[in-house]
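Novice: Sequence:
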Amino acid sequence: MRVITCYKWVLDEADLKIDSKSRALITERAKSKISEYDRNAIECGVQLVEAAGGEVIALTAGTQDAKNSLKDALSRGPAEVMYVNDPAMAQADTYVTAKVLAAAVQQIDPYDLIVCGEGSSDGYSQQVGIRLAQLLGIPVITFVNKVEVNGNVLVAERKLDEGIEVVEVNLPALVTVLPDVNQPRIPSLKQILAAAKKPVKETNFQQLGVQAPDTQPKVVRKSVLGAVVERKRVRVEGDPENVATQALEILKKEGVI
Numbered sequence: 005m006r007v008i009t010c011y012k013w014v015l016d017e018a019d020l021k022i023d024s025k026s027r028a029l030i031t032e033r034a035k036s037k038i039s040e041y042d043r044n045a046i047e048c049g050v051q052l053v054e055a056a057g058g059e060v061i062a063l064t065a066g067t068q069d070a071k072n073s074l075k076d077a078l079s080r081g082p083a084e085v086m087y088v089n090d091p092a093m094a095q096a097d098t099y100v101t102a103k104v105l106a107a108a109v110q111q112i113d114p115y116d117l118i119v120c121g122e123g124s125s126d127g128y129s130q131q132v133g134i135r136l137a138q139l140l141g142i143p144v145i146t147f148v149n150k151v152e153v154n155g156n157v158l159v160a161e162r163k164l165d166e167g168i169e170v171v172e173v174n175l176p177a178l179v180t181v182l183p184d185v186n187q188p189r190i191p192s193l194k195q196i197l198a199a200a201k202k203p204v205k206e207t208n209f210q211q212l213g214v215q216a217p218d219t220q221p222k223v224v225r226k227s228v229l230g231a232v233v234e235r236k237r238v239r240v241e242g243d244p245e246n247v248a249t250q251a252l253e254i255l256k257k258e259g260v261i
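In the working numbering, the protein residues as written are 5 to 261.
Derived from the structure by calculation, the hints contain no laboratory data. Take the hints with a grain of salt, since some may be wrong.
Said to hold, decoys possible - Keeping only pairs whose Cα atoms sit at most 20 Å apart, straight-line, the calculated PhoX-like set for lysine-lysine is:
1. Lys21 <-> Lys226
2. Lys201 <-> Lys75
3. Lys71 <-> Lys226
4. Lys236 <-> Lys222
5. Lys75 <-> Lys236
6. Lys202 <-> Lys236
7. Lys202 <-> Lys226
8. Lys37 <-> Lys21
9. Lys37 <-> Lys71
10. Lys75 <-> Lys194
All chains, please: the whole structure from these sequences, using the hints.
Specialist: See below:
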């Protein structure tokens with residue numbers, strides 16, 4: 005079985021700071037990492053191949069900075085990685101990203117399964133996987149928290165608000181996985197050292213044949229502002245019964261209940 009796992013190189017939200025006046029994000033000292041959700045996607049692909057045999061190919065598209073992700077991705081189990089390096093990815097929206105990934109997948113072809121995270125840990129648009137499947141003309145299963153492959157048939161459990169839905173589909177297909185699909189492994193020193201010897205294929209928009217208008221985003225991000233939580237600090241005093249009554253009235257006036 006040949007599995008492609010897509011991932012995104014994102015800023016580590018733990019390193020982000022917010023300017024108290026402008027609410028602008030301060031990213032100068034922020035490190036980057038593989039999106040948490042995409043770590044689950046990589047682990048999912050690796051586990052399937054460990055059970056059924058085959059290989060995992062990691063796929064990412066980004067700017068020059070994303071080159072720092074390659075060793076980390078390979079240390080998590082994939083046999084090789086394909087890296088689309090183009091400065092235009094700095095402004096890419098889900099439309100452009102899906103177009104670029106689809107072109108890259110066509111070069112990797114044949115494949116049996118594509119695994120994506122349900123969303124990225126920065127934008128979490130939940131669109132790239134669905135768009136990619138549509139461009140490739142293959143079925144897509146979203147919100148997956150359990151998956152197995154039996155021959156040419158993939159069986160997946162979808163975790164929905166109203167319950168669990170079990171879906172069967174013939175391969176090739178694409179799944180987008182939730183965080184509870186697995187627990188991503190922590191690469192060992194041996195795996196990290198071995199990653200340096202695994203093959204990396206680097207390409208760009210021109211080599212993939214991606215041209216305008218597919219390089220022009222449909223959505224342009226003007227700015228990103230940090231969320232600010234302002235507390236009213238209302239203090240209620242008195243005996244327990246009066247406190248409960250007053251608190252209830254305050255919540256009703258605020259429209260909370």
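Novice: Hints first: check each against the structure and report whether it holds.
Specialist: Outcome of the hint check:
| no. | hint | result |
| --- | --- | --- |
| 1 | Lys21 <-> Lys226 | holds (19 Å) |
| 2 | Lys201 <-> Lys75 | holds (9 Å) |
| 3 | Lys71 <-> Lys226 | violated (26 Å) |
| 4 | Lys236 <-> Lys222 | violated (40 Å) |
| 5 | Lys75 <-> Lys236 | violated (47 Å) |
| 6 | Lys202 <-> Lys236 | violated (55 Å) |
| 7 | Lys202 <-> Lys226 | violated (39 Å) |
| 8 | Lys37 <-> Lys21 | holds (16 Å) |
| 9 | Lys37 <-> Lys71 | holds (11 Å) |
| 10 | Lys75 <-> Lys194 | holds (12 Å) |
Hints 3, 4, 5, 6, 7 from the list above are not met by this structure, while the remaining hints are.
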